[in-house]
Amino acid sequence: MNCQDFKKQIMDLALDELSVESRPALEQHAARCAACGAQLSRLVAVGNVLKNGWRDEEVPFPLVFTPVASPSSSGFWNWLLAAPRWANVCMATGAALVFLFAIFSLARTELRYDHGQFALAFGQPHVANPSLNTPSGPPLNASLDTPEVEKIIAAKYASLSAQDRERYGVMLEQLSQQVQTQRQADLQKIGLAFDQVKTVVWKDMQRNNAIVQYAAQRIATNTKN
Amino acid sequence: MSSSKVKDGMPIEVSTDTELVRRAAKGDVTAFNALVRKWEKPLYNFALRLTGHREDALDLAQDAFLKAYSQLCQLQAADKFSRWLFKIALNLFYSGKRGSHEGKTISLDEEVGDGLNLLDALSLGEAKNRGHSDALLFERERARIVRRAIAQLGPDQRAAIILKIYYGMKFEEIAEVVDCPVSTVKSRLYAAMENLQEALKDCIE
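Respectively, the protein sequence lines represent chains A and B. In terms of numbering that gives the first Met the number 0, the first sequence opens at residue 0 and continues consecutively. In terms of numbering that gives the first Met the number 0, the second sequence opens at residue 0 and continues consecutively.
It is possible that some hints are incorrect.
[Said to hold, decoys possible] Here are the computed lysine-lysine pairs in the BS3-like style, where the Cα-Cα straight-line distance is at most 27 Å:
1. B:Lys66 - B:Lys79
2. B:Lys200 - A:Lys6
3. B:Lys25 - B:Lys79
4. A:Lys50 - B:Lys79
5. B:Lys25 - A:Lys50
[Said to hold, decoys possible] Here are some chain A residues pointing at chain B (derived, C-beta under 7 Å):
6. Ile9
7. Lys50
8. Val63
Because the hints were derived from the structure by calculation, they are not lab data. For glycine and all other residues, C-beta sits at the position ideal for the given N, C-alpha and C.
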């Protein structure tokens with residue numbers, strides 16, 4: 000063994016962490032090499048000075064315990080603390096779900112699935128558009144101004160409270176405006192289409208007149224000849 | 000497990016930690032007090048070397064025992080009670096509950112002159128009266144240097160060196176108490192030994 004190898008293990012030797020088999024080689028080297036031997040002596044001396052320089056003291060007074068409740072008899076919390084981790088996870092998850100449920104209940108939360116999308120709402124329960132949500136009403140793609148729909152809206156409107164009437168009044172007004180806008184747009188489209196048709200018909204008439212005149216001229220020329 | 004021994008002609012029951020822990024976990028306060036009696040001195044001295052303050056050390060030891068009692072059901076390996084107890088004390092120490100006495104009360108550890116604390120000074124006065132002050136003075140001086148050398152180490156190195164030197168724990172056992180890898184424990188110990196070699200050079204040369 001050389002000094003380099005010795006220095007790699009000198010701390011473990013001084014701290015008594017080496018196996019019985021590996022000690023002799025190091026001890027022999029320490030006995031042969033004065034520098035390594037002195038270094039080892041210093042480290043061992045550090046341990047001895049620490050041990051002898053601060054001996055154990057007596058406890059000022061004996062510690063005696065008189066617990067109020069025994070650890071095994073203090074019920075649920077001790078059971079929970081001692082339970083395996085999976086049980087703790089299950090309990091925590093359950094508690095979190097109950098807490099969330101309570102919060103959602105208090106906030107009157109409503110989770111809806113509407114037209115392929117989930118919607119979360121708090122507060123007043125959601126009331127769908129009465130004209131579209133009525134089971135006996137017309138299908139969604141039916142015309143909105145059919146007498147049946149008007150009747151259903153009128154019936155629903157009559158049964159609403161004042162607050163709801165105001166709310167749905169605004170909704171109906173908005174809906175009505177949308178219908179009017181849509182109707183005007185449709186009429187404009189129809190008007191445009193009519194104009195286009197008129198133009199085409201006029202052009203056809205002009206062309207036909209030209210053909211008739213041309214044919215008449217040819218007939219007249221042929222008759223003269 | 001328990002074995003019978005004879006003391007003053009009377010057989011006494013010597014219970015192992017494992018058995019005492021099992022009994023204490025079932026609510027046997029006597030068994031827990033037996034554990035306290037067995038481990039109070041090592042734990043108090045461990046705390047004293049960590050904190051460097053007798054009052055704090057006593058508080059720390061008491062808190063550690065109380066916490067151990069309340070968490071006894073969680074101790075999976077009852078045979079490792081002592082290391083678990085030391086770990087609790089160390090965690091309490093790290094959590095910063097200790098060391099609050101400095102500057103608030105007059106400590107018995109505070110130096111009152113000539114590098115002596117109050118207890119040392121009282122002992123020295125008594126020794127001088129008895130005519131053997133030099134040997135005692137040397138002992139006290141060495142103790143003061145050792146205390147100061149340990150105190151100047153960082154908490155991690157201090158804990159590792161105390162467990163190694165005063166409790167003879169192996170690297171793996173220290174790693175269990177301080178809750179870190181063995182390699183970390185080794186590096187802390189090596190660094191602590193280097194620091195102590197320098198701090199204690201007057202005592203070892």
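Hint check:
| no. | hint | verdict |
| --- | --- | --- |
| 1 | B:Lys66 - B:Lys79 | 16 Å, holds |
| 2 | B:Lys200 - A:Lys6 | 20 Å, holds |
| 3 | B:Lys25 - B:Lys79 | 18 Å, holds |
| 4 | A:Lys50 - B:Lys79 | 24 Å, holds |
| 5 | B:Lys25 - A:Lys50 | 38 Å, violated |
| 6 | Ile9 | 10 Å, violated |
| 7 | Lys50 | 6 Å, holds |
| 8 | Val63 | 6 Å, holds |
In summary, the structure is inconsistent with hints 5, 6 from the numbered list given earlier, while agreeing with the others.
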